[in-house]
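Peer 1: Sequence:
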Amino acid sequence: MGPLRTGQAEHVVATGPALGLLELQSIARGVTVADALVKRAAVQLHLNRPVSPGKHLVLCSGEVAEVEEAMLAGRAQAGSSLCDELLLTLVHDEVLAVLRRKVKLPLSEELSLGIVETLSAASTLRGADAACKVAEVRL
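So for the sequence shown, the numbering used here puts the first residue at 52; every next one is plus one.
Among the clues, some could well be false.
Stated by the list, open to error - Derived lysine-lysine pairs resembling DSSO-like cross-links, with alpha carbons at most 30 Å apart: (1) 106 / 90; (2) 106 / 155; (3) 184 / 155; (4) 153 / 106; (5) 153 / 184; (6) 90 / 155.
If you are wondering where the hints come from, they were derived from the structure by calculation, not from laboratory data.
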């Protein structure tokens, strides 16, 4: 059983400056999408796994042009199985830091807590990146 099912933190060592995520409604299609990404462009594949029954995430990072090219290949391979996608060309450092983090940070009484509920992993990362770019936010 993977870390997402056991509640453990799963860290991703993404370096950026660009981050690409494809969220699919098919696990089998997700595997072929990841294959298409890495065959098309020189990107680092960080996540290629099912996250719930019938849902698969593929996450890559690298130089902007490389991630853009890989995402084109991934979208084409995904076809109608694509349920959401994300391309962050200049991802905020705090987003990369939270992806790398191996342990959860403790809450502090001096800080405020914000909760954002989303339907997809792509929209979660999109919201986190946007929040970090407009305010002093710790993820």
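Peer 1: Indicate, hint by hint, whether the structure satisfies it.
Peer 2: Status of the hints after comparison with the structure:
Between residue 106 and residue 90 the alpha-carbon distance is near 22 Å, which keeps this suggested pair within the 30 Å criterion. Between the alpha carbons of residue 106 and residue 155 the distance comes to roughly 24 Å, so the proposed pair stays at or under 30 Å and holds. The suggested pairing of residue 184 with residue 155 holds, with an alpha-carbon distance near 22 Å, which does not exceed 30 Å. Taking the CA atoms of residue 153 and residue 106, the gap is about 23 Å. The hint holds against a cut of 30 Å.
Distance restraint check for residue 153 and residue 184: the Cα-Cα separation of roughly 23 Å lies within the 30 Å cut-off, and the hinted pair is therefore satisfied. For the given pair, residue 90 sits about 34 Å from residue 155 by alpha-carbon distance, which is inconsistent with the 30 Å threshold.
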